[in-house]
Amino acid sequence: MKKLLPFVISVMISFILLKSHAVRAQVPDSTQGKILDSYPKFQFKGLFQGRFTTSLKKNVDVEGLHHTDHKGTNNSFSLKYMRAQVKGQISKRVEVVALANFADFKNDPKTRVLENAYLRYSFNPKVAITVGQFRPWFGLEETYPVDIIKSLEWSNQYTEFGKNGWTSFQIGASVGGTLPIGTIPMRYAVSVVNGNGKNQVSDKDNGKQFLTRIVFDLSKKHDFSIGLNGGTGTVFKRNVHALAFDISSRFQLAQKWNMDFQIEAKQAINHNLYFSLEQTNRLENIYQYQMRGAYFLPNMRYEIDYKNLKAIEFSCRYEYLDTDFRQNSNPRQSIVPMFSLEFLKNYGARIQMGMQIDYYKHQFESSNKYNGNLFILQVQSRL
Numbered sequence: 172m173k174k175l176l177p178f179v180i181s182v183m184i185s186f187i188l189l190k191s192h193a194v195r196a197q198v199p200d201s202t203q204g205k206i207l208d209s210y211p212k213f214q215f216k217g218l219f220q221g222r223f224t225t226s227l228k229k230n231v232d233v234e235g236l237h238h239t240d241h242k243g244t245n246n247s248f249s250l251k252y253m254r255a256q257v258k259g260q261i262s263k264r265v266e267v268v269a270l271a272n273f274a275d276f277k278n279d280p281k282t283r284v285l286e287n288a289y290l291r292y293s294f295n296p297k298v299a300i301t302v303g304q305f306r307p308w309f310g311l312e313e314t315y316p317v318d319i320i321k322s323l324e325w326s327n328q329y330t331e332f333g334k335n336g337w338t339s340f341q342i343g344a345s346v347g348g349t350l351p352i353g354t355i356p357m358r359y360a361v362s363v364v365n366g367n368g369k370n371q372v373s374d375k376d377n378g379k380q381f382l383t384r385i386v387f388d389l390s391k392k393h394d395f396s397i398g399l400n401g402g403t404g405t406v407f408k409r410n411v412h413a414l415a416f417d418i419s420s421r422f423q424l425a426q427k428w429n430m431d432f433q434i435e436a437k438q439a440i441n442h443n444l445y446f447s448l449e450q451t452n453r454l455e456n457i458y459q460y461q462m463r464g465a466y467f468l469p470n471m472r473y474e475i476d477y478k479n480l481k482a483i484e485f486s487c488r489y490e491y492l493d494t495d496f497r498q499n500s501n502p503r504q505s506i507v508p509m510f511s512l513e514f515l516k517n518y519g520a521r522i523q524m525g526m527q528i529d530y531y532k533h534q535f536e537s538s539n540k541y542n543g544n545l546f547i548l549q550v551q552s553r554l
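The opening position of the sequence shown corresponds to residue 172 in my numbering, with each subsequent residue numbered one higher.
Treat the hints loosely; a few may be bogus.
With a straight-line Cα cutoff of 30 angstroms, these simulated DSBU-like cross-link-like pairs (lysine-lysine) come out [said to hold, decoys possible]:
no.: 1; residue 1: LYS321; residue 2: LYS392
no.: 2; residue 1: LYS321; residue 2: LYS516
no.: 3; residue 1: LYS427; residue 2: LYS516
Rather than coming from a laboratory, the hints here were simulated on the basis of the structure.
Just need the whole structure built from these sequences, with the hints factored in.
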């Protein structure tokens with residue numbers, strides 16, 4: 172018994188020590204309760220945007236088309252965007268983004284619906300590579316989405332330059348980032364794209380379009396930036412080019428009042444127009460078909476923050492656009508005043524009321540080149 176007692180005591184001590192170790196192992200370590208970096212991470216976004224449009228010009232329909240038979244539709248409800256976006260952060264350096272606009276099913280969806288579909292690899296803040304379908308940087312309007320636009324719609328020049336492969340969604344590759352020049356931050360992007368729009372099976376020819384954008388952020392206090400844009404390339408073995416310049420800034424006028432503005436000007440060969448003409452009806456020199464445009468967009472904002480109403484905005488964009496100023500010049504001037512009520516922060520929900528007033532130097536019956544006035548009521552909600 173005396174020989175057994177030390178053995179029993181030894182076993183009991185070992186059991187107590189083992190149990191004590193197990194209890195300590197169950198105590199949370201110092202990192203528990205903190206958010207650790209883990210991948211993949213997913214982010215979901217959405218946008219609804221619908222509008223009611225009324226034409227205030229006799230015999231001009233809601234699409235701006237003139238009718239001589241008085242049969243045009245002069246008022247209509249329409250769905251502009253029903254977007255869904257998913258962003259997957261695969262690792263610290265890799266992200267994949269997909270964006271679809273389901274409102275495009277109302278048209279032929281073959282080259283629509285899917286908007287963004289790209290992969291981005293970020294080496295550091297100075298260098299990031301993007302491949303897939305995306306909006307290459309060429310101008311100020313490419314740097315923000317439609318749901319935070321300061322007007323009712325993109326500018327007319329944005330649409331025309333998109334038809335020529337310089338703006339809107341394109342398929343290709345891009346490298347960009349932020350590089351300081353002394354004390355001045357500089358953002359840049361260099362892109363190469365097919366130039367024939369989104370959701371295409373392949374390029375329309377063997378030519379490519381190269382785009383460059385450089386932005387100098389000159390004042391952090393006033394968000395004052397200057398952007399320089401240039402593009403060159405070949406389309407069906409014809410050389411094409413484009414140039415653009417933009418300025419943006421923001422000023423705090425009072426505690427709740429602020430004002431921002433945008434100025435942008437572009438000029439380019441209108442190769443979309445050139446190749447749409449019959450060969451017998453066009454000049455041989457593609458440089459004779461050029462377009463240019465400019466707009467000025469001031470926006471006044473009052474941060475009311477009263478109950479559900481967060482802010483009131485008023486903007487008025489003036490735009491000049493001539494799509495063929497060397498051959499058949501017929502400039503279009505547009506004035507777009509807009510009044511907006513914001514009910515959730517960051518344009519989470521807002522109601523917009525505005526007008527689109529168009530003037531052409533020369534009017535043509537039964538065409539879209541006819542003076543028109545549209546009243547637009549638009550509602551939006553975004554996640």
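Structure-based check of each hint:
1. Restraint check: the Cα-Cα separation between LYS321 and LYS392 comes to about 20 angstroms, which is no more than 30 angstroms; the hinted pair holds.
2. Among the hinted pairs, LYS321 with LYS516 is consistent with the structure: their alpha-carbon atoms are about 15 angstroms apart, no more than 30 angstroms.
3. For the hint linking LYS427 to LYS516, the alpha-carbon distance of about 14 angstroms falls within 30 angstroms, and the restraint holds.
This entry satisfies every hint, going by the numbered hints stated previously.
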